[in-house]
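Undergrad: Each chain is listed here by its residues.
Protein chains: 2
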Amino acid sequence: MKLGEGVEVAVHCAAVMVGLEKHSTLPAAALAEFHGVSASYLVKHLKALVADGILDSVPGPAGGYRLARPPERITLLDIVLAVEGRKPAFRCTDIRRRGPGAPDATAYVKPCGINAAMLRAEHAYRQALAATRLSDIVAEFQSEADPRSVARGCAFVASCQRKQP
Amino acid sequence: MKLGEGVEVAVHCAAVMVGLEKHSTLPAAALAEFHGVSASYLVKHLKALVADGILDSVPGPAGGYRLARPPERITLLDIVLAVEGRKPAFRCTDIRRRGPGAPDATAYVKPCGINAAMLRAEHAYRQALAATRLSDIVAEFQSEADPRSVARGCAFVASCQRKQP
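Residue numbers (the numbering used here), protein chains in the order written: chain A, 1 to 165; chain B, 1 to 165.
These are computed hints drawn from the structure, not numbers from a lab. Don't take every hint at face value.
Because identical chains share one entry, a pair is satisfied inside a single copy or across any pair of copies.
[Stated by the list, open to error] With a cut-off of at most 25 Å between alpha-carbon atoms, the simulated BS3-like pairs for lysine-lysine come out as follows:
#, residue 1, residue 2
1, 163, 110
2, 47, 2
3, 22, 110
4, 44, 2
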C-alpha cells in the first residue's frame with residue numbers, strides 16, 4: 001500500500017498556514033523553499049487542496065494561499081482525500097465473475113465478501129485520519145517539538161506572509 | 001492511496017485453497033484460468049505468499065500450491081503484507097528538516113507529529129485487516145454467496161486438485 005508523497009508536504013503546508021495572521025497569505029514559492037521542494041510540484045498539491053475547499057487561493061502579485069476554514073474543521077482525512085482522491089485503496093475488479101463457467105450476473109447481486117472486508121478496514125483507517133484535526137497537529141507541535149524548530153516556523157510565517165488589502 | 005491489484009487475486013486464491021482436501025494442491029495454471037488472469041502474473045503473487053509462509057509450494061509435475069497453515073491462522077493482513085510489503089503507506093521523508101535555516105539534527109530527536117498521526121491511522125487499518133481471518137471470509141462466502149457461485153468454487157477444487165503422494 002502506498003500513499004503519494006504529496007500528502008506529506010500538503011499536511012506540512014497546511015500546518016504552517018495555521019500561524020498566518022487574519023487575511024494574510026503565503027506565496028507558493030516561499031512555501032516550496034521552506035520545505036525544500038520545487039514550486040511546480042508543490043502548486044499541484046496546493047491546487048488540489050483549493051479544489052477541495054481546504055485552502056483559499058488569492059490571486060494577484062500579492063496573492064498566495066491560506067486556510068479556507070478554521071484548523072479545528074480540517075482533518076488529516078480531508079487533506080489525504082484532497083491529494084490522493086476519494087477512491088478506496090482496494091479496487092475490486094470483481095474477479096469472482098471472471099474465468100470460465102462463472103454464472104450470470106444474477107448470481108452476483110450481493111457485494112463480494114472480500115471487497116466488503118477490505119473496505120471495512122479502510123473505513124477504520126479513514127475514521128482514524130478523521131479523528132486528527134489540523135489544530136491538534138499544530139498544538140502538539142507547539143508543545144512537543146524542539147523550540148528551535150517552532151521558532152523557525154514562526155519566523156518563516158512572520159517574514160513571508162502577505163497581508164491582503 | 002492505492003493497493004496493488006495483486007491483493008485481490010491473492011485473497012481469492014487463498015480462499016479457494018481452503019476447500020482443498022488434505023495433502024492436495026492446486027496448480028498455478030488452473031488457479032490463473034479460474035480467476036481469468038495470466039499465470040505469470042499470478043505466480044509472482046503466489047511466490048510472495050510462499051515467501052511469507054502463507055502458502056506451501058510443492059514442486060514437481062504433480063505439484064502446486066496449498067495453504068501452509070489452517071485458515072483460522074491466516075488473516076487479511078498477512079496476505080496484504082505478503083503481496084504489498086511491510087512498509088507503511090505513508091513514507092515520511094523528514095521534510096521538516098529540509099529547506100534553509102533548519103536547525104541541526106539535535107532539534108529532531110522526537111518523531112515528527114505528522115508522521116506519528118499518519119502511522120496511528122495505519123495501525124487502525126492493519127488492526128482491522130488482522131481481525132478478519134481467511135476462515136471468516138470462506139464461512140461468509142459459503143453462507144451468504146449465491147449457491148451457483150459456491151458450487152462453481154467447489155467443482156473447480158474437486159476437478160483440479162492434485163493429491164500428493
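Undergrad: Decide, hint by hint, whether the structure agrees.
TA: We went through each hint and held it up to the structure:
Taking the shortest alpha-carbon separations for residue 163 and residue 110, neither the intra-copy value of 56 Å nor the inter-copy value of 34 Å comes in at or below 25 Å. Taking the closest pair of Cα atoms, residue 47 and residue 2 come within 25 Å of each other both inside a single copy (21 Å) and across two copies (21 Å). In this assembly of identical chains, the alpha carbons of residue 22 and residue 110 never lie at most 25 Å apart, being 52 Å within a copy and 31 Å across copies at closest. Taking CA atoms no more than 25 Å apart as the test, residue 44 paired with residue 2 passes in both settings, with 19 Å inside one copy and 19 Å between copies.
This entry does not satisfy hints 1, 3, going by the numbered hints stated previously.
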